[in-house]
Structure formats: structure tokens, C-alpha cells
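Number of protein chains: 2
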Amino acid sequence: MSIRIGIFGYGNLGRGVESAIRQNEDMTLAAVFTRRAPETLKIKTEGVPVLHADEVEKMTSEIDVMILCGGSATDLPVQTPELARHFNVIDSFDTHARIPEHFAAVDAAAKESGKVGIISVGWDPGMFSLNRLYGGAILPDGEDYTFWGRGVSQGHSDAIRRIEGVRNAKQYTIPVDSALEAVRRGDAPALTTREKHTRECFVVAEEGADLCRIEREIKEMPNYFADYDTTVHFITEEELARDHSGIPHGGFVIRSGKTGFDLENSHVIEYSLKLDSNPEFTASVIVAYARAAYRMAAEGQTGCKTVLDVPPAYICRESADELRRKLL
Amino acid sequence: MSIRIGIFGYGNLGRGVESAIRQNEDMTLAAVFTRRAPETLKIKTEGVPVLHADEVEKMTSEIDVMILCGGSATDLPVQTPELARHFNVIDSFDTHARIPEHFAAVDAAAKESGKVGIISVGWDPGMFSLNRLYGGAILPDGEDYTFWGRGVSQGHSDAIRRIEGVRNAKQYTIPVDSALEAVRRGDAPALTTREKHTRECFVVAEEGADLCRIEREIKEMPNYFADYDTTVHFITEEELARDHSGIPHGGFVIRSGKTGFDLENSHVIEYSLKLDSNPEFTASVIVAYARAAYRMAAEGQTGCKTVLDVPPAYICRESADELRRKLL
Chain A
208 MSIRIGIFGY
218 GNLGRGVESA
228 IRQNEDMTLA
238 AVFTRRAPET
248 LKIKTEGVPV
258 LHADEVEKMT
268 SEIDVMILCG
278 GSATDLPVQT
288 PELARHFNVI
298 DSFDTHARIP
308 EHFAAVDAAA
318 KESGKVGIIS
328 VGWDPGMFSL
338 NRLYGGAILP
348 DGEDYTFWGR
358 GVSQGHSDAI
368 RRIEGVRNAK
378 QYTIPVDSAL
388 EAVRRGDAPA
398 LTTREKHTRE
408 CFVVAEEGAD
418 LCRIEREIKE
428 MPNYFADYDT
438 TVHFITEEEL
448 ARDHSGIPHG
458 GFVIRSGKTG
468 FDLENSHVIE
478 YSLKLDSNPE
488 FTASVIVAYA
498 RAAYRMAAEG
508 QTGCKTVLDV
518 PPAYICRESA
528 DELRRKLL
Chain B
208 MSIRIGIFGY
218 GNLGRGVESA
228 IRQNEDMTLA
238 AVFTRRAPET
248 LKIKTEGVPV
258 LHADEVEKMT
268 SEIDVMILCG
278 GSATDLPVQT
288 PELARHFNVI
298 DSFDTHARIP
308 EHFAAVDAAA
318 KESGKVGIIS
328 VGWDPGMFSL
338 NRLYGGAILP
348 DGEDYTFWGR
358 GVSQGHSDAI
368 RRIEGVRNAK
378 QYTIPVDSAL
388 EAVRRGDAPA
398 LTTREKHTRE
408 CFVVAEEGAD
418 LCRIEREIKE
428 MPNYFADYDT
438 TVHFITEEEL
448 ARDHSGIPHG
458 GFVIRSGKTG
468 FDLENSHVIE
478 YSLKLDSNPE
488 FTASVIVAYA
498 RAAYRMAAEG
508 QTGCKTVLDV
518 PPAYICRESA
528 DELRRKLL
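Residue numbers (the numbering used here), protein chains in the order written: chain A, 208 to 535; chain B, 208 to 535.
Mixed in with the good hints there might be a few duds.
Because identical chains cannot be distinguished in the list, a pair is counted as satisfied if it fits within a single copy or across any two copies.
As the list claims (entries may be wrong) - In silico DSSO-like pairs for lysine-lysine, Cα to Cα no more than 30 Å straight-line:
no. : residue 1 : residue 2
1   : Lys403    : Lys533
2   : Lys318    : Lys533
3   : Lys249    : Lys465
4   : Lys465    : Lys251
5   : Lys426    : Lys318
6   : Lys251    : Lys265
7   : Lys426    : Lys465
8   : Lys403    : Lys426
9   : Lys249    : Lys265
10  : Lys251    : Lys533
11  : Lys265    : Lys318
Everything labelled a hint here was simulated from the structure, so no lab data went into it.
Just chain A, with the same shape it has in the complex:
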């Protein structure tokens, strides 16, 4: 009676899902799907088939929930609705501005097939969204703040790597302590982009490259760096590998608000994450919500859901009785 999980796409997130499944006794990995040649892919779980993405429809009766581990830019907008025609699906689609349109596409496909899809699962969107919801509903007269970091931003690291003369790079997003403290005190400050986060870059330059130009190009890059205080460190490839090979991340969602007949009392709700591995934590959230997708489908629900719709108890292995007794 194990929940049979399929992994569609086997990068950092796919490996995180594979590892998270081992931590959940009520789940088994049924198959991994890849667009590469399946025989070139070595997974960590013995006896589990690795199949080409084109063969996915042969496996409809072997998989209870398909977890999509592709990227939000081009993979998920196509794959999630397509797979929702055959499977209960779950993804971590994280292009905030395009969530409504992705939701509509997955909802239409899943309603037609009678399946459940849960999209945008992870920590932001995901757990951070949930905390923005709870904070805002409880303290309607208030402000909320999201800070990210200290952590590696893949998008910003990639942007630096595209600069001429850069061989490799890693970028950290760092919340500004004084801003965090002001928010925690309940000051409800109005903060500019520059006041909330700084950016720190570790760059490996090619031999003989013009470091001044590289640094200037980074700091002046619109959208990515121009609105931030950015520091640039040039280091060697060895130093990068030694000190910056992890993928840590984290952040803070803080709601400060007032209550009372004269709004005389202040309250601060803070949720924070400190993560050694961003993809493994994201995968752990997804795997918990795969359990919810399975249960909602078993109840006969269909269509697209998000973490905002899922009753919390559905993500737990324990029965409702047990949860009330142990956690409430």
C-alpha cells in the first residue's frame, strides 16, 4: 500500500526527491524518466527502472504521483499540463508572475483527466506563501516582509558567468541585518530593494581578463545587480570548489501587525528557514505534498491545487487522530 512515485527529470531536484522518498516509509520510487539516453543515467536506488521521457505513458498504471523536476522557464509550462492528462502531478513552478496562467493550464488538463495537480510547491513559492497567508489573515492591519538568504541564487550566478572573461561564479543573496531588525521590532519600515538585500559575488576570471571591467559589468547589470549594493571577490577555481560548492539558502517571512480597539498592541510573527541544501529541502516539501495529491485523488478530487488549498493534515503520514493527540 505504498504510494508509488515517478520522478520526471533527474537533476539536483530529482536527486533530492529520490533521497527524500527514502525518508518516507509510505512511499516507493517507481521509475525515473529522463530526456537523456536512459542508459547514461545512474540513479542511487537499486532495481528502479530509468526510462526515456517518451515512454512515460506506458507507466500510467505503475505510478500514483508523478513529480516533475524540470525548470520553470521552459520545462514545466509544457510538461505539467501534459502529464496531468495521465497522472496525478506535482511541480515546483516558481515564476511568480506566471502562476495564474500555469494554474489554469494544469487545472484544465487535470479536470479533463480526473487527476489532481499541485503546483508551485517548495519554499518560495510554497512554505513562504503559506506563511504570508497565515500572517495576513491573522493580523489584517499589518505589513509583511520577505527576505531571502543568505543563499546561492542560481539565476544571478548564471548571469555573471555570461560576462566575457568570467570562467565561473557563485552569487549569494544576503538580507540586510539592520532592515531585518527594524522589521522584527515592528517598525513596519518602507524598504527599498537596496535596503533589504546585498549581493556578494565570488568570481573566477580567465587568465589575463580585465578584472575592473568584469566588476563594473556585474555591478551595473540592470535588474540583477544595479539596484543592490554588490561586492565582488575574485578567487581561484580551487577556492570556489573548496568554499562555495554547496547550495545553501533560506530566508525570512515576517508579519508585523496591530490589534486592539485603538490598535495599541503590536505583534510580530516570524518564519525562517536555514537550509544546507536548497534542492533537497524543496524536494522534501514536494514529497510531503505528493502524499496530499495521492489522498485528494483517492477522495475523488480533481483539478489544480496549491499549498494554499491543501488541508495541512493531508501532508502527514499519521492519521488525523494521531496528529490531534501528538501535535495539537
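With the hints as your guide, set chain B onto chain A.
Just chain B now, kept in the frame of chain A:
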């Protein structure tokens, strides 16, 4: 199309609910019920009837959700099931050990009447329970920790007041910083009661009372103080009124856990509250969940629920579309 709320019991929590209703435009206060003589009770909202508790059944068609604001020791175990025969109800029942039996009583009554009851709403039980659930489901290989304070414990303050020679008292529960820090670092320490919290007491003694005896009786009181490092300060009634008239509280729920094929990565999830007014914050949580009770009842659901069962979006005024667009 406002949600019409009744308040049953008008102490600190009842007043908090009255004030929270003003912060939620989709709600109106329909009536306040009291066991005192109604004419002796002065509420803050004009034009709203104050009725005797015995008259509650006359108001079944005027109230969408009844919020019970009595105590967990003797009021709620009787009142919540009784009122669930006629109303959708919500309470903040907080005797953790007796929640299963309270749940069963409210569930039976609400299923018979076709109403919805949501019990044990507030911050602990309530938001803290939710965070224990989310943390445990996401990081199954881990430990969770709940710390309370710095805040006033009503039960402990009352216990001190019962000692001979004590005129008045206020007790603060304080989390031990070094324990909090160890948990935040992911050390997953095993902590004794004494290592997690200290207790600080501000006591007004009667003239001529034996202060040494009072201090000893406090510190040796079983269950309440004997297992803690307790400090006792004797102060005047004026000082108590000046410095200790508030009802602040708060605390921390922290989950630390590991992921990875060799459990090589650590993660820390922390949720914390810093509250100027414990009853007003509790009331704010209850009022948000009253909205969920109203919606679940409108959908035809019946029986007893807790925060663990309620889809998060149900506690918000905004539509599901709007929430996805703005919060996800």
C-alpha cells in the same frame, strides 16, 4: 453578506474577539452572551445586544458562527458541544491532554445538528500545532522543540496568589537563550525541563508576611516551579500595576532535520511569535478561523475540525484567485 458573529463569554478573550471583528470588514458582531446580568455589562460596539446566556437559542437565525470565550477547565467542555447543537462554533480549548475527548464530544454534537465546530484555535494549540505539523512532515528525520515566552502564565500567577501572605503576583515564563541557540544551530540537544525555561515571579506580599517562606513555597511548588530555576522579586502593588499590567506572550517552534542520501545536510525551520497581548492575538486567530467555519458550513461540511484540517485559503477574505496572484 457579512458573517454574523456571536461572542459567548466576555472576558479578556471576548473583548479581543470584539476588537478583532472590527479589523475584518466581512464580519459583524451580532450579539454578546454572558452569564452575568446583561445590563451590568458594557461592551464597546454600539447597537449590539448583550443577552443572557440562557437566551442563546432565541438567536439561532441571527448568528452564523458562535465564538466561545470561556475557560478550558470547566466552561468549554460543556458549552462547546452544547452550543454546537444550534450553531457553528469555534473555541480555543487548550488543555492539550483532553483534546481528543473534547473533539469527540463536539464532533458528535455538530454531526447531529449539521453544524461545523472548530476547536483548539489560537497559537498553542493552534499556530504552533500547525508549525509542528509542517516541520515534521517536511523533515521526517528530525526533532522539534517548542519554547514559550517571554510571557505571562496565568496559571502560574494564580498558583502564587494562592500562597498565604501573597496579595498579588505575576509570573513570566522565559526560554533559556543558550538552549534556543543550540536548537537553532541544529545540535538537536536533549533538553530537560530546567534547561528549556526559567520562571520569574513578581510578588506583592501582605504587610508583615514572611518573605523567606513565600519565596521557598514558590520555588518548591511541585509541577509549577520545582522543576525550574525560579527567581522571585518582591515589589509593591504600584510597581506591579506600573510595570506588569500587560499580558504579553510568545514563543518558538523549531524543527531541525537532516536530508540527503547520507543525511549529510541540515536544515532549521523556525516559527516565532512576539505578542503584546496574548488574548488579542488568540482572538485574531479565532476570528480568521470563524471565516473558515462559515465557509465549511456553507459547503455542507459538518462535524468537528481543528486547524490541522482547515485548508489555509479558507481563513482569508480574498478569493482563491487573488491569493494565488498575490501570495503564492
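Results for each hint:
1. Lys403 <-> Lys533: Close across copies (20 Å), not inside one copy (39 Å); limit 30 Å.
2. Lys318 <-> Lys533: between (36 Å within a copy, 24 Å between copies)
3. Lys249 <-> Lys465: between (54 Å within a copy, 24 Å between copies)
4. Lys465 <-> Lys251: Between copies, since 18 Å is at most 30 Å while 51 Å is not.
5. Lys426 <-> Lys318: neither (47 Å within a copy, 63 Å between copies)
6. Lys251 <-> Lys265: within (23 Å within a copy, 67 Å between copies)
7. Lys426 <-> Lys465: For Lys426 and Lys465, neither the intra-copy (39 Å) nor the inter-copy (36 Å) Cα distance is at most 30 Å.
8. Lys403 <-> Lys426: within (17 Å within a copy, 46 Å between copies)
9. Lys249 <-> Lys265: Answer is within: at 21 Å inside a copy they meet the 30 Å cutoff, but 71 Å across does not.
10. Lys251 <-> Lys533: Result: close neither inside a copy nor across copies, 34 Å intra and 39 Å inter.
11. Lys265 <-> Lys318: within (21 Å within a copy, 45 Å between copies)
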